[in-house]
Amino acid sequence: MTRLLVCPPEYFRIDYEINPWMRVTNAVNPDRAVAQWRELMRVLEQEAGAKLERMQPVAGLPDMVFTANAGVVSARIAVPSRFRHPERRREEQHFEAWFRDQGYEVVVLERGLYFEGAGDLLGFPDVWFGGYRQRSEVRSYIRLGEIFTREIIPVELVDPRYYHLDTCFCPLSGGHLLYYPSAFDRYAQTVIEDRIPKERRLVVPEADAARFACNAVCVGTHVVLPAGCADTEKLLASRGYQPHPVPLDEFMKSGGSAKCLTLALD
Amino acid sequence: MGYVQETVVLQGHIIDSLILAKVLDTILMMGGTFDLADVKIGATREEPSRARIVVKARTAALLADILEAIQPHGASVERESDCTVEPAPADGILPEQFYATSHLPTQIRLKGRWMDVRAIEMDVAIRLSADGSVAEAVPMGEVKRGDLIVTGRDGIRVLPLERPKERDVFSFMEAQVSAERPHGHIIADVARRLQAIREQRERGRDNVKVLLAGGPAIIHAGGRDALAWLIESGFIHVLFCGNALAAHDMEAHLYGTSLGFALTAGRAVPHGHEHHLRTINRIRAIGSIEKAVTSGVITTGIMAACVRRGVTVVMAGTIRDDGPLPGVITDSVAAQAAMRAALPGVSLALLVASTLHAVATGNLLPGTVPTVCVDVNPSVPTKLADRGSFQAVGLVMDAASFLRDVARELGWKA
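Residue numbers (my numbering), protein chains in the order written: chain A, 1 to 266; chain B, 1 to 414.
Hints were generated in silico from the structure; no laboratory data involved. Where a beta carbon is used, it is the ideal one built from N, C-alpha and C, also for glycine. Mixed in with the good hints there might be a few duds.
The following label-pair restraints were derived from C-beta to C-beta distances [unchecked claim]:
| hint | chain 1 | residue 1 | chain 2 | residue 2 | range |
| --- | --- | --- | --- | --- | --- |
| 1 | B | GLY132 | A | ALA75 | 52 to 60 angstroms |
| 2 | A | VAL107 | B | LYS40 | 23 to 31 angstroms |
| 3 | B | GLY112 | A | VAL58 | 39 to 47 angstroms |
| 4 | B | ASP35 | A | ALA237 | 47 to 55 angstroms |
| 5 | A | VAL107 | B | ASP35 | 32 to 40 angstroms |
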């Protein structure tokens with residue numbers, strides 16, 4: 001069963017601007033945010049069949065709700081994130097403590113080596129991809145490859161709107177890839193084309209990509225994605241997936257959506 | 001040197017991710033160049049690969065820009081350390097771990113800064129002055145007890161030769177020894193270089209020199225007049241030879257023979273074998289070649305031209321020499337030192353018809369000096385290349401034909 005780490009949005013707000021989506025003046029409606037988050041949890045649990053692990057939110061850390069950036073977890077090893085922006089660095093200790101409490105083997109990266117967890121490191125069973133240049137550093141994937149004994153292919157993100165890999169790249173359970181090629185440099189586009197056969201690549205149209213269609217959570221054949229991405233839903237349905245659109249526009253004010261609000265555990 | 005460089009290391013899954021390709025493309029697109037110093041490819045998909053890349057650029061500013069551009073892709077500047085030095089334990093003895101040089105431009109790193117090694121030549125050591133301000137190549141025999149000698153391999157880098165800007169035979173920098181290839185273009189290129197160097201000297205750059213190291217076959221084969229003309233016309237500024245070349249050159253003036261053979265008739269003349277001995281004896285009696293020329297005893301030929309034009313002549317003796325002539329250095333270590341002292345400024349070397357002098361000179365020349373080795377025997381250029389002088393262009397042809405052809409290209413009428 002898929003287990004996901006989530007964090008309630010009690011303290012979610014926009015206190016700073018660290019990506020092109022964030023505007024301090026574009027305030028979050030707290031009630032709507034809570035309602036949208038609860039609906040997402042309901043869909044994940046009841047419709048997609050995921051098991052949720054809720055962690056305690058911390059006052060003054062508005063982005064802790066985006067647990068995808070807690071770190072990365074595989075084979076009972078957890079590597080907590082090292083955030084690029086000082087605003088989010090205060091979250092690190094809380095995520096690290098949670099992993100320890102849960103009995104994971106915690107491996108920490110050297111200080112100053114930026115790596116933003118499952119926001120930038122996503123994979124298929126045989127190969128992982130690591131987004132770099134915007135937030136995580138390419139060098140972090142050398143160390144992560146050693147820790148997890150995995151092949152990690154670094155791919156350069158070139159559009160600041162798609163600042164994490166999970167905003168433009170979503171591996172699906174059937175070996176398909178939902179992605180937005182223009183977010184990558186041409187070398188990365190070539191590598192993705194080399195690694196994933198054409199029939200398995202689902203290219204998201206630009207308008208849907210900008211609504212974070214790729215920031216989706218795949219649980220079995222269920223794909224939970226932000227509402228308003230009709231073309232992407234059709235694309236998913238055509239390959240046998242069941243799309244579950246959830247309105248998440250309050251979180252888009254911060255540059256995050258369904259996937260950002262969850263972290264896959266094992 | 002013309003460019004600056006820095007070594008960077010790139011590791012991880014750099015091949016399949018095209019990161020290596022991207023870094024190399026970036027270097028080239030920004031106007032730099034690179035050498036892949038080594039690439040280790042991971043044996044399995046999980047195993048990372050590693051590449052060391054020497055990044056080169058025309059200016060330090062461009063190099064800094066390139067390094068900045070490739071750094072986000074994981075290229076990190078290799079951690080470098082200073083060179084190590086140890087005092088020489090005794091006169092003429094190097095510390096056991098001494099660094100043995102090549103003839104390529106070499107730098108050592110001291111207190112974080114790279115400095116050029118002066119007067120580089122192959123198969124010697126590097127000596128650092130006591131105050132650390134000068135690094136120079138030093139032969140084993142010249143080392144004094146306590147001299148600081150560079151040891152080990154850290155903090156030493158050898159810069160590959162740049163292709164010369166001139167698009168001539170030297171830009172290929174490869175030994176071509178075949179007797180069956182056309183020679184014309186090589187001769188034309190040599191002539192062009194000689195002309196260019198003479199023009200530089202006429203404009204006051206008299207520290208630029210052409211060296212000719214030659215054997216007596218030049219005289220036997222009939223190249224004496226052409227070489228004398230080249231010297232007389234100001235194309236040659238340093239001459240390395242042995243006792244024989246000088247002796248037969250002056251024998252030709254005094255007797256019209258070379259090792260007893262009449263140069264014009266081409267047959268042995270009665271008692272001709274004595275001519276070179278009588279010549280040597282005559283010059284020994286006069287006291288020096290210079291006096292023989294200035295007093296009018298010797299007025300034609302190579303040695304006369306050298307004296308008249310103030311050419312630096314180093315004559316190195318061998319164990320089979322007759323006489324020898326005054327001025328021949330019979331201590332081979334002293335001869336080597338005298339040759340070494342005549343090298344600064346040499347920017348073209350012609351090694352003609354002498355195995356011994358060609359190899360000896362090749363050993364002393366930095367790899368940056370364009371060199372032509374001319375011999376009828378293909379083994380001579382081969383030997384030279386095998387001993388490391390890979391920059392030498394080999395030309396399998398008769399010495400006299402070579403000298404005449406070059407001289408004709410430059411306006412010699414004969």
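Numbers of unmet hints, in rising order: none
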